[in-house]
Amino acid sequence: MTAEALNREELPLLDGMHEQYSVHLDKFDGPMDLLLHLIKKNELDICDISIAVITRQYLDFIKLMKDLNLEVAGDFLVMAATLLQIKSRQLLPLDDQEEPETEESDPRNELVRRLQEYQLYKEAGMLIGARALLGREVFARTASEPVLTAVQNLEGPLEVSLFELVDAFRVLLLRIPAESFHDVAPGDSLSIADCINEILSLLQEKDTVQFEDLVKDEFTRERVIVTFLAILELCRLKLIRIFQGYEHGSIWFVPAVSSDLAEV
Amino acid sequence: MSSELSAIIESLIFTSESAISTDRICELLDEFERDEIKSALTEIVACFQGRPGGFELVEVAGGWQFRTRPAFHSYITRQIKTRTSKFSQSALETLAIIAYRQPITRAEVEHLRGVDCGGVLKSLLEKHLVRILGKKDIPGRPLIYGTSKEFLDIFGLKDLKSLPTLKEIQSLDEIPQFERQEELQLEPEKVNLEESQLPLE
Amino acid sequence: MSSELSAIIESLIFTSESAISTDRICELLDEFERDEIKSALTEIVACFQGRPGGFELVEVAGGWQFRTRPAFHSYITRQIKTRTSKFSQSALETLAIIAYRQPITRAEVEHLRGVDCGGVLKSLLEKHLVRILGKKDIPGRPLIYGTSKEFLDIFGLKDLKSLPTLKEIQSLDEIPQFERQEELQLEPEKVNLEESQLPLE
Chain A
1 MTAEALNREE
11 LPLLDGMHEQ
21 YSVHLDKFDG
31 PMDLLLHLIK
41 KNELDICDIS
51 IAVITRQYLD
61 FIKLMKDLNL
71 EVAGDFLVMA
81 ATLLQIKSRQ
91 LLPLDDQEEP
101 ETEESDPRNE
111 LVRRLQEYQL
121 YKEAGMLIGA
131 RALLGREVFA
141 RTASEPVLTA
151 VQNLEGPLEV
161 SLFELVDAFR
171 VLLLRIPAES
181 FHDVAPGDSL
191 SIADCINEIL
201 SLLQEKDTVQ
211 FEDLVKDEFT
221 RERVIVTFLA
231 ILELCRLKLI
241 RIFQGYEHGS
251 IWFVPAVSSD
261 LAEV
Chain B
1 MSSELSAIIE
11 SLIFTSESAI
21 STDRICELLD
31 EFERDEIKSA
41 LTEIVACFQG
51 RPGGFELVEV
61 AGGWQFRTRP
71 AFHSYITRQI
81 KTRTSKFSQS
91 ALETLAIIAY
101 RQPITRAEVE
111 HLRGVDCGGV
121 LKSLLEKHLV
131 RILGKKDIPG
141 RPLIYGTSKE
151 FLDIFGLKDL
161 KSLPTLKEIQ
171 SLDEIPQFER
181 QEELQLEPEK
191 VNLEESQLPL
201 E
Chain C
1 MSSELSAIIE
11 SLIFTSESAI
21 STDRICELLD
31 EFERDEIKSA
41 LTEIVACFQG
51 RPGGFELVEV
61 AGGWQFRTRP
71 AFHSYITRQI
81 KTRTSKFSQS
91 ALETLAIIAY
101 RQPITRAEVE
111 HLRGVDCGGV
121 LKSLLEKHLV
131 RILGKKDIPG
141 RPLIYGTSKE
151 FLDIFGLKDL
161 KSLPTLKEIQ
171 SLDEIPQFER
181 QEELQLEPEK
191 VNLEESQLPL
201 E
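Those protein sequences? They're chains A, B and C, same order as listed. Here our numbering is used: position 105 in the first sequence is 105, and no number is missing along the way. Here our numbering is used: position 25 in the second sequence is 25, and no number is missing along the way. Here our numbering is used: position 150 in the third sequence is 150, and no number is missing along the way.
Just chain A, same shape as in the assembly (with noise of 0.2 Å):
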């Protein structure tokens, strides 16, 4: 759908900035930048900004990017709230006991000091952004003499920021199953001998199990171990004979009784 052909007509105030708008639709960093953009435009002072301008076209933009089928975020419908209460405020009767409008009393206050201060910061970022970057404009000596990373030490001081800690344990527990990690209590563990038993009835229904058949239908960390660890105390008290076919092959294994089996 082409939005432009259908603004033409609902918005005649926006007739001729149009193109402009969409051009630099994504460009607004926020309602703060918005608001900068606008009274730039319009040649307004910064501390005198004439809020019944400022908020129709706020407002126009807001419709001009439903119009376009784009989603109008939340934070920029909070601004608009915020500039029609100003408006309404500086609308309204004041009461009688009330002082008329002094400086303090400006609506416009809170809003002018906001936007003042964001003002400093975009540009202050403007200027940090247009430093020639290490990286980027400006290099450092890359050389890695083998010689000077050959000598390790664990002396020095640490370098590690907190961040890093918190996203190391965020990144384990991604890796680790969530049922495992409830079950950090010993307690509540899965226990070796339950594992023995387990194994030792599997055998007697079956000749040879694979180790991958013992945890196929729990395959958390917890269980390989358990079961790993099962199968050399079964081992040790040679009640089972392992097999493995060929280097890092399936594991196999047979009761060490067995009698067609024994001697292999």
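Calculated from the structure, these hints are not laboratory results. Mixed in with the good hints, there may be bad ones.
DMTMM-like cross-link-like pairs, simulated, lysine to aspartate or glutamate; straight-line CA separation at most 20 Å [what the hints assert, rightly or not]: (1) B:Lys122 <-> C:Glu150; (2) C:Lys81 <-> B:Asp30; (3) C:Lys167 <-> B:Glu126.
Using the hints, position chains B and C against chain A.
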């Protein structure tokens, strides 16, 4: 380069993995006086500034490092890929706010910028430009953020005091603003708007 | 250093990861003649030989490289021996588990990480980041571990309560509202915003 001490310091800076601080140089060369070391450093800086070579000695993030001159970056990038991509406006704004207002909470950054900053903050944390300083002693104990050593390092700043002062920025901006003021001409429009197009009516 | 070409070549050698050959330099700087480049290289070598600095330009294994002068070897090794140590991923993980799950036994840490942690634990204990809190009242009476005061110091934390919670880090991951703006909204509704959707009305 006249003194041997300067040469020794040069070799230390040259082989250091990252910028090396004056304190650290003094610690490593404890047979020399701090004053001697400081004047040797000044000597090296002057020496490299005096010859228009490919690199120079600069003080960044509280330490000394040899860095190439920005002028030659187009030649260097023929050889190595640039690692740092351009920062987005939102990343720079957020960084500026954190740099000037630290320690600061996420809510304070968002109030100033008027938008959610979670994603930007996360990516700044991941790039190690911003770090978590701890928690603020107010209800909810929100995390407080500040800039890191890497921030100074990457942006080539000696310390936080080397940031352009906000007042400088303000004064740069004052002139055009003043000019704009005189060109005000919104009266007819204003009346019209208030009468006919108020959303609240 | 007289010519700009020398400075450009210097910056290339300086940022090269290993020795860079004359051929490679000629290839990268194809707007210059080979002869020009060769004489610029001679110029740089002479320049660094002329000043008794900490490093010089040498031709090794068919390429050019800045290297420290052998005379300063003993100073450079002082630095390497005391270089800051970076945390290994396993140390970081183990420390994180202990920090967030203390008091905790070695078996519990190993259960979570899925690998033996004896070596890592020992080195964390040696660095005084982790300490033994006592023995757990279960069969075998295993040692229980927790973080130390040094741990708080290194991470700049006031107390353990100042550790960021996982939820706080994860909340940064949520899609910022503003970024969603670019997504297309598919429903055909074109309601007048001013009339129906402003929170104020």
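Now the hints, each set against the structure:
With a CA separation close to 27 Å, the supplied pair Lys122 of chain B and Glu150 of chain C exceeds the 20 Å bound. Under the criterion of a C-alpha separation no larger than 20 Å, the hint pairing Lys81 of chain C with Asp30 of chain B is consistent with the structure, at around 15 Å. A hinted pair counts as satisfied when its Cα atoms are at most 20 Å apart, and Lys167 of chain C with Glu126 of chain B qualifies at roughly 17 Å.
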